[in-house]
Structure formats: C-alpha cells, structure tokens
Amino acid sequence: MKKHLVFFLILIVIGSFAFAGGSSERSSSSEGGYKDTIIFAQGADVTSFDPHVGKETPAVAVTNHIYDTLVDVNQETGEIIPQIAQSWEQIDDTTYRFHIREGLKFHNGEDLTAEDVKFSLDRAIASPSISYIVDFIDTVTVDDDYTVTVTTDAPYAPALRNLAVPFAAIVPMDYVSANPDILKTAPVGSGPYKFVSWSQNDSVKLEAYDEYYAGEPKTKNLVMKVIPEAAQRTIALETGEVDIAYDLLRSDARRVSEARDLTLYEIPSLSCYYITFNMNKAPFDNKLVRQALSMAIDRQLLVDTVNGGSGEVANALVAPAVFGYYNPGDYEYNPEKAKQLLKEAGYPNGFSCTLWVNNNQERVEMCQAIQEMFREIGIDCRVEVLEFGAFISRTTAGEHDMGYFGWVTSTKDADYTYYSLEHSSQQGAAGNRSFTNDAKVDELVEIGRTSSDQDARLEAYKELAIYLKDLSNNAPIIYTTLNAGASNKVEGFEPDPIGYHKLENVQVRN
Amino acid sequence: MWKYIVKRLLLMIPILLGVTFIVFFIMNLTPGDPAAIILGDQASAEALAAKRIELGLDKPLIVRYFTYIWDMLHGDLGLSYKNQLSVWDQVIDKFPNTAILAIAGILVALVIGIPVGIISAKKQYTVLDNTSMILSLVGVSMPNFWLGLLLSLLFALKLGWLPSQGMGTGFVALLRSLILPALTLGTGSAATVVRMTRSSMLEVIRQDYISTARAKGISEKQVTKRHMLKNAMIPIVTAVGLQFGQLLGGAMLTETVFSWPGLGRLMVDSINSKDIPMVMGATIFLAIMFSLVNLIVDLVYSFIDPRIRSQYSKAGFKSRRIKV
Chain F
1 MKKHLVFFLI LIVIGSFAFA GGSSERSSSS EGGYKDTIIF AQGADVTSFD PHVGKETPAV
61 AVTNHIYDTL VDVNQETGEI IPQIAQSWEQ IDDTTYRFHI REGLKFHNGE DLTAEDVKFS
121 LDRAIASPSI SYIVDFIDTV TVDDDYTVTV TTDAPYAPAL RNLAVPFAAI VPMDYVSANP
181 DILKTAPVGS GPYKFVSWSQ NDSVKLEAYD EYYAGEPKTK NLVMKVIPEA AQRTIALETG
241 EVDIAYDLLR SDARRVSEAR DLTLYEIPSL SCYYITFNMN KAPFDNKLVR QALSMAIDRQ
301 LLVDTVNGGS GEVANALVAP AVFGYYNPGD YEYNPEKAKQ LLKEAGYPNG FSCTLWVNNN
361 QERVEMCQAI QEMFREIGID CRVEVLEFGA FISRTTAGEH DMGYFGWVTS TKDADYTYYS
421 LEHSSQQGAA GNRSFTNDAK VDELVEIGRT SSDQDARLEA YKELAIYLKD LSNNAPIIYT
481 TLNAGASNKV EGFEPDPIGY HKLENVQVRN
Chain E
1 MWKYIVKRLL LMIPILLGVT FIVFFIMNLT PGDPAAIILG DQASAEALAA KRIELGLDKP
61 LIVRYFTYIW DMLHGDLGLS YKNQLSVWDQ VIDKFPNTAI LAIAGILVAL VIGIPVGIIS
121 AKKQYTVLDN TSMILSLVGV SMPNFWLGLL LSLLFALKLG WLPSQGMGTG FVALLRSLIL
181 PALTLGTGSA ATVVRMTRSS MLEVIRQDYI STARAKGISE KQVTKRHMLK NAMIPIVTAV
241 GLQFGQLLGG AMLTETVFSW PGLGRLMVDS INSKDIPMVM GATIFLAIMF SLVNLIVDLV
301 YSFIDPRIRS QYSKAGFKSR RIKV
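Going down the list, the sequences are from chains F and E. Position one of the first sequence corresponds to residue 1 (our numbering), numbered consecutively onward. Position one of the second sequence corresponds to residue 1 (our numbering), numbered consecutively onward.
One or more hints might be untrue.
Simulated restraints, written as ranges between beta carbons of each label pair [to be verified]:
1. F:E79 x E:A50: 37 to 43 angstroms
2. E:Y65 x F:R509: 31 to 37 angstroms
3. E:R226 x F:N359: 29 to 35 angstroms
4. E:I62 x F:P328: 51 to 57 angstroms
Hints in this document: simulated from the structure, not taken from any laboratory. The C-beta atom is built at its ideal place from N, Cα and C for all residues, glycine as well.
Next up, chain F with everything else stripped away, as it sits in the complex (with noise of 0.2 angstroms):
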C-alpha cells in the first residue's frame, strides 16, 4: 500500500512538472506591447568571442553585435555608412583618413580613440587567422586622438569594404593589453550589445547597451540558443521557444512558410558552389575540354532537383549581390555541343576523371547529380569524397582533377573572390585551384583591385567575367539562398546575405 502511495505521489510530481505553465526559458515581457528578449537559435556555438580569430558565421552572427567596426556597407544599396568613423578621405591612391567620433565609449567605461584603432587593426593583421582582410595595411598611425591615418602597400579599391568586414573590429586596446586571451571569453566592444554570459554549447546572453552612438538597441536582452539538430530548430520555433531560428532545413523551410504564424525569409546568400578544374592536368588543360564539361551540366535541373528549388543558376564566380558582379550570360546546357566540342579536343570517346567533393551531403549528392550528367557525354567521371582538412590540403597541392567548392564574397567586394580564385599569384593554398596563369585575368583582376575608379572597376569586372566564361577554368554551377524562420510578432528581421544577421532595430510583439 504504502508502495502504491509513493508510486502516485512521484506520478502527480512528474505530472504537475509537465503541465506547469511557461518554462522559465521563455522571453518575459515588459511594457509597451514588445517583450524585452529576443532569443535566436543557431546550429553551432561561438568558437572564440575574440573578433580577430573567430571567424565562422555562427561566431560573428553574435560577436557582431559585441564588436563595431570604423565603417559599415548599407545592405541595400551597397554604400560605405560611417559606424566608429564618422567620415573618411581618400588623400591619394594608398592613403586613407579616418575621423573617429569623439564620446564612443566601449562598454567597459575606457574611451574609444585613435590609439584602439591602431592597436585593433595591428591586432588584426597580426592574426593568421583573420590577416587576409586586413593585410593589404601597411601602416597606421595615429594624427591625434580621434584621427587615424591608413596607408595601404599598392593601390587596393576594396580597402573601405574589407574594413567593414567584422573580422576588422575596434577592441579596446587597454584591456587586451593586459591580458591578451581575455576577448576569447569575456569580450568588450563598443557594438550595441554588450556580453552578459556564455554557456558553452548552449547559450549566449547579451544585454543592450544603453550608450550606444546610434542609440540604444530597440529590445533589451539578446538570447542565442545552441540547437544543432536543424529539424529541432524548426520545432522550438514553432513551440515558441525561439523568436528566430537560423539556417532550417529546406524540408522544414515549406512548412515554416506555410505555418499561419510564422515568416520564412529567404534572401540569396554570397555563396557560389563551383567546378575547379585543374589546368595543370591533362586533359583539363584543353580549354575545349573543360567548356565540353561545362555545357553537359544542366544547371536548372540540379538547382530544380538536388537543391530542392531554391538557389539560382550561376553565372559567374560572385553572386548578384556583390559590388562587380556582371552576367555574362548563363551557362549553356547542350550535351550534343558538348560531344562535339569533345571531339575538337581529340576525345571522341570521352575519357575517365575523377571529381573531389569534401564530406557534406549536399555537396555530395549534387556531385552525383553532375557525374551523370558527365557520363551523357562519355566522360567516365568518379566521385570522390574527401574529409575536409584532406580535401583543402590535397587540392591545394594540385592532386585533383576536379573540386567541386565553394566560395562566399565575404567582403561583398568581387576583389575578394576574383583575386583569389583567378590571380596568378593565388594558386593553392591561397583560392586559385584551377592553377590559371592567364596575363589577361592578372590585368583585369589588377584593375579592379587597384583602381580607384568605381565605374573602371566595374568596367573590369564586366570583361573579367566575359572572359572567364570562355576560359572556363572555373564552372559556376549554383547561388544558394540563406533562410530563417521567425515568429510573425518578429518585427524588423532583415537577413543578412552572409548569416551575419544583426539584430539591434528587431523587435517581438507579446
């Protein structure tokens, strides 16, 4: 008897745990009709809270609401707005003048000045992990208290965007002094959210920063939930447990768009996934050959497909959204061409290859996809999944034949991608792993880089991408899109093209 008793008691225990209202998890509300904490989920944590190492986009979707940088790019039009520097001049072709706001503190109390830009961007070109945004510095110096002066090694255009990059964040330089690691876990910037606590692998908590130049953030308390299983960040989102959840599933996507009280946003990404050929191989150094390969790839069908839908068909290496992106034109599907270029090339009979792919499912599956497409036109192609260190380090020593990779114009710059991918003097390592060596592209791809001539640059960027499509030691193949899901009382969500999504203008109706 007495068994039975304890037995009903633990029952009504556990009972009375599962039907008790709201978990304490829940955002709390406050006046006004919005409630005081957004909660976000992500599907990995922060790797470091320090700007200058951290780079993956789930570390930088929160550091950059910690961390500002000296200017920012307006999403929409795509301009350089002022953030720590309130203006700028360009004094010649390698000289910048930056005039910092006067009154920034960062959130520690330490005033913001010229000296933390020096040290920040000295820090910053210091970090392996990071330096390629910033490296084409070559020196700065500080004028006075609130003027910095930056000098650049050769002319280099997309200087202002690459120091929008959050990469190039201002830390306060006294207190990293003293301790060096200190930013990895306890960070202090002069961004609108000031860090609160990590949890790791499962949250991080920021609270608004009321001195904030631009004003203080519109809700008070910033909550990024660890949920790395993507099905259950769609689940908490419809639960409510999160206001926002980034990155779903495409299967989740439709039902989260088709949910009465939820809003998919989906906006095109940055990203462009494509072939590499490599031109140091035969028969891949045949510049027949590789557009034979090109022209068998039915780009509309793989998006239609293996993608689900979504993504567009790729036409160049940068994406639409990039500052010198140009179509030119897309990519023709004609196998029968194909053949018959095959033949010009001497290989009538197609010929056996083998297409690198690292171990992610849908990089996977699309390879599949093409290797079928390969065989319509004789070519014998094997796919061969790589684990990712073994992928990037055996692609950088020229061992593939084929890559299939791919590429975000993180800066929003084509410099970014086009020097990297196609300059001579970038082959491995560095992006270029088709190993072109092609005087007209090292011009071209100079004059973007150098020139200080916006409409010049485009002018370049234009005949880069013409000429790159003849070439064809790269075939664009797909843009993705970039999604996440939010309740409807989510008011103010603007994705960001990266997933770098800031969060400070947002706010949740109770």
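Keeping the supplied structure of chain F fixed, place chain E upon it in accordance with the hints.
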C-alpha cells in the same frame, strides 16, 4: 576487499594507456591538418607552418604521444584546437550535465525494465509476455535520435507540455527539460534490462529451492522478491552497470537531438572539427568513469551475493550458502 579495490584501480592504468594510445593514433592518422582547422582555409602557408611548429606537429607521432602522456600525468590535458580553452575545464564543466542525463536515463530503464521483466518471466508465453518482448525488441532497435524527434514532436509541439530542447535552469525547469531526453535515452536501456531480467528470472524460477520456498508456505510475493529476484540479480546488475557506463558515454545522439549541453555533444563537435586534444580529454575522462562504474558494479555483487563477498575475504570460501 580493499586489496581488491586497489588492484582494480591499478588495472585501470594499462586500460587508460591503451585507450589513449588507440584514440591518439586514430585521430592523428586520419587526414586533415590541425593547423588548417585552427586557422581556417584562408591562412597563409607561413602562418600554417608556424602553427604546426607551435602545436608540435613537426615532431614524430610517437614523440607527440609520449609528450601528451607526460603532460597528462601532470594533469595537463592541453588546450582545445577549436576555442583555445582548457580541455579539462570544458570536460569538468559539461560532465555534470551528462551525469544528470545518464542517471535520469538509467532510472527510466530501471523503473520500466525490472517490473516488466519480472512480470514477463512469471507470465511466460502469455500475451503480456509476448507484448513486452515485442515492445522491448522495438525499444532496442529504435534509433535514439528518431525516438527523440518523435517525442519532442508529440510532447513539445502537439501537446505543448514540455520544452522541445535545451537544459532548463532552476529545479522545475531542469526536471521539465530532463523528461524527454531521459525517456529517449532510457528506452533502449529499458528494453535491454527487460530482456535481461526476464531471462535471468526464468533461470531461477524453476529451481528446486523456489519450489521448496513455496512448499514452506511463503507468500508468492516474498518468493518473488527474496528468492527469485535476489538470485537473479547478478546478471541484471551487470547489465544495468554496463548500460549506465554506455549512457555516460553514449548520450551523444540524445544530447545532440535535445541540444543538451553535455559531454557527448562536446565530443561530437570535437570529432567533427578534428579537435584532437578535446576528443582525447573527453575520451580519457569517460574511460575513467566507465572503469569506475564497472568497479562499483563488481563491488555491488558482493553485497548481493554472499558467495562473492566471501571470496574477497581472506577467510576464503566458507560454508555460507544462500538460505532457502
């Protein structure tokens, strides 16, 4: 008894050395450059080379292994490649969360497993027995992550009773968030415990001493509890102990599905990013825990079975038989 415990603890040393050896070599022989993992694919060749030297990757594998062991013996498990934080701190930070989940999981397994196993054995070949055997087969076969998703679809999304993921803070929130992962984790083990309890009970159920006990007029309840279950307990305890050890280390899927910030998740993330020091640290820690759990299980035997207890004592095997 103490001598036995010390002997067992000493035996853990070769086991741990074996574990470190295997994990270290497997992790290091798989392709992928840790320097590239730390610095990302945009790092310059010079930076990568410098990083490799900093990490000691320029030295031969065997030298690195002994350096690792030497550091480990000095209590230094190194820094994680991924976030450059202390491995030991991260393991210690996450282990309690895993332990909570494993204990809750094993409780689920015991609460379901033992009663169902007993009933099954006593009602062998009845509908009840067949049903529970089929259900336990389903339980063993069902993948954890799938069950977890189904449970959270039902209890979090459709019914809205429980949170779908995460670990709640505060006692009530913690318990609420624990229910679904514990059920997910415990189901597979429960099925194993049911089958083990049933077969072990069936072995003793037809023994002469059971008939004798019944003949003496002892109530069926007492017979089941004192004579059958107690004698059937050894294999059950072994199974439960092993299950618990597995739950400690094997909660990876459940922790991933439910965003439970435990050691399993940490290990999955670390394996994915080839964070060798983190994988090594977590594995060694789990191996120690697993060995300790096994030791405790062996010690529990002696409390259940006086025959085993007597083997530990110097007095040797005395004529202490189980009373019938």
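Going down the list of hints, with the structure as the test:
no. : hint                                : in the structure
1   : F:E79 x E:A50: 37 to 43 angstroms   : holds, 38 angstroms
2   : E:Y65 x F:R509: 31 to 37 angstroms  : violated, 58 angstroms
3   : E:R226 x F:N359: 29 to 35 angstroms : violated, 56 angstroms
4   : E:I62 x F:P328: 51 to 57 angstroms  : holds, 55 angstroms
In this structure, the hints that do not hold are numbers 2, 3, in rising order.
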